[in-house]
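Chemist: Listed below, chain by chain, are the residues.
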Amino acid sequence: MTKNIYIESYCTIKNKVVSLNGTPIFSDDTPEFSAFIKQAAKQLNTNYPKFFKMDNLSKLAFLTADILLKNANLSPTKEHNIALLLSNKASSLDTDRKHQNTIIDPDNYYPSPSLFVYTLPNICLGEISIKHKLLSENSFFIFERFNADHLHLNSSYLLNTNKAEKTLCGWVDFDGNNYDAFLYIVGKNGTINHNTEEITRLYNTP
Amino acid sequence: MSKVYLSHHNIVSALGFTAERVVLNIKNKVSGIFLIDDPAYLHIPFYGSVIPPNDLEAAFKPLETTKKYTKLEKMMLLSLQRTIEASNVSLDKNVGLIISSTKGNIDVLNNSSFPEDRAYLSTLGTEIKDYFGFKNEAIVLSNACVSGLLATAIAKRYIKEGVYNHVFIVGGDTVNPFVLSGFNSFQAMADSPCKPYDKNRTGVNLGEAAASVLVTSQREYLCPEAVEILGDGSCNDANHISGPSRTGEGLFRCVSAAIAEANIATQDIDFISAHGTATLFNDEMEAIAFNRLSLCTTPIHSLKGYFGHTLGASGLIETLVGMHSLHQNTLFKSLGYDTLGVSKSLNIIEKTISNTNTIFLKTASGFGGSNTAVLFKKAQTEKLTND
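So the protein sequences, as listed, match chains A and B. Using full-length UniProt numbering, you'd call the opening residue of the first sequence number 1 and step up by one each time. Using full-length UniProt numbering, you'd call the opening residue of the second sequence number 1 and step up by one each time.
Chain A with its partners taken away, still in its complex shape (with noise of 0.2 Å):
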């Protein structure tokens, strides 16, 4: 059987823009992407001090999962069962570059815990997990462009088995200076149908 599930919300950044539910809500013309997120956390209340140590791509996913969770009026006295369900092109591959940079010359060689840990990419959904407590299914795929198949077919399969009762999933890339975050809540309580069709078309608004 299958439930009526919707997509509940969305949110994008992307091209210097914060969207929330088709909605800009913050956008800044700093082309470097370090300041232009920074700036982001600040002015949307992220309040979340170990944000600054994150690296690109969790900064990424962690600041567009949050304007969502946030947003979700989710009672705070009660645990949420949200598996979350994040894809990518890169991987952790910026950061990934920058570990390989503290081993290529033997003279100068300064692998650090705190950078490799970064080096792979599930580590945001960990990021996102332990500042909204979701102690829930975490997945990361990669794939060559945005798949909505994917997705839909993951967000039915659990919400219809009841192994989750919101699925937060989508796409989050950051790759050189090139940045793509895209991600969405499915659950029983919105008004856009959950298809790949309306996936995709909230993907591929600008």
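Derived from the structure by calculation, the hints contain no laboratory data. Accuracy of the hints is not assured; some may be wrong.
Claimed, not checked - Result set (SDA-like, lysine to any residue): computed pairs, CA atoms no more than 25 Å apart in a straight line:
(1) Lys344(B) to Asp268(B)
(2) Lys135(B) to Tyr157(A)
(3) Lys98(A) to Ser242(B)
(4) Lys98(A) to Tyr41(B)
(5) Lys351(B) to Thr266(B)
(6) Lys38(A) to His240(B)
(7) Lys160(B) to Ala148(A)
(8) Lys61(B) to Ser112(B)
(9) Lys98(A) to Asn110(B)
(10) Lys98(A) to Ala40(B)
(11) Lys50(A) to Thr247(B)
Unchecked claim - A few chain B residues that face chain A, going by a derived Cβ cut-off under 7 Å, partial list only:
(12) Leu121
(13) Leu141
(14) Ser181
(15) Gly182
(16) Phe186
(17) Ser234
(18) Cys235
(19) Ser242
(20) Phe367
(21) Gly368
(22) Gly369
(23) Ser370
For each residue, glycine too, the CB sits at the ideal point set by N, CA and C.
Model the placement of chain B on the given structure of chain A, informed by the hints.
Modeler: Below, chain B alone, put in the same frame as chain A:
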């Protein structure tokens, strides 16, 4: 609802290039872990499990094409080729491909003979897909050390939701300067072959391996060692990005979820193939979680003493060895273990012995706070094997 099985499979590791060979070595308590003193890997000597390059080249020879492949790709192609061939499945549009790897071809960042593009996991997926002519894009799962086990749960979804009839999974990671330098910076590496759950343990050994399996719901494609996926669960600790929960909460919850889906009692579990990396924090966390689950008397082992921690391959390889454990009605020794070194009691398998096994629990935990548990039951294939 139809049952989902793991069937034909292969392991390419330091202990051999077939599952039978690897399992025979495990039965004989042979380890693939040796001291490696080679600055091309790491500036200091370390214990690890690597595949001899010449053996891999020789085995890969019949698979060679005009294209050049990385070591990891050769391992994965060799493993998957043998599994596809054994399975007799034709690769039509109803067949999916899942690839599980933490770091893929990360060493090309350090190796100019391949373009940097090869470091992308999606490119690895495309290389594997194109080699065999899969009709669907590879689904690459990169979720730290739970990847190989979580891949079996993801494959099950694709079959249950009716998207694919069969899914092939191939998992793999290599031992390379990138991961060695990182684990070494964490001071997580052992100064001897690893000793999971032992009081004298000093940390992990890294290992390299590829493993592959056919996941299917069609009984005519089952091999003698086939198992049914009874239930699965995944749960984040929501505690720390590089250290496990002190209460084992994520592991506790994901095992509970797998047991609930399987609709079995904890007493029905004949043995546990645990993660057992041989770090203080991991082993202790598992001991606490298994005690909370009333599984402290269930026979348990870690296979890390045989081929080290093979990262994105580990959960899958250890599952495949578990299939042989069920089929042979044998419990394999937890190699490296002598004296209990965790604060809670565990029934560590100290000797390889005969034991009637029907169901086993496989667990994995990893960086990012991830935990996954899957329950597997021997498929009733006696009729097939007698045919």
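Chemist: Of all the hints numbered above, which does this structure not satisfy? Sort the numbers upward.
Modeler: none
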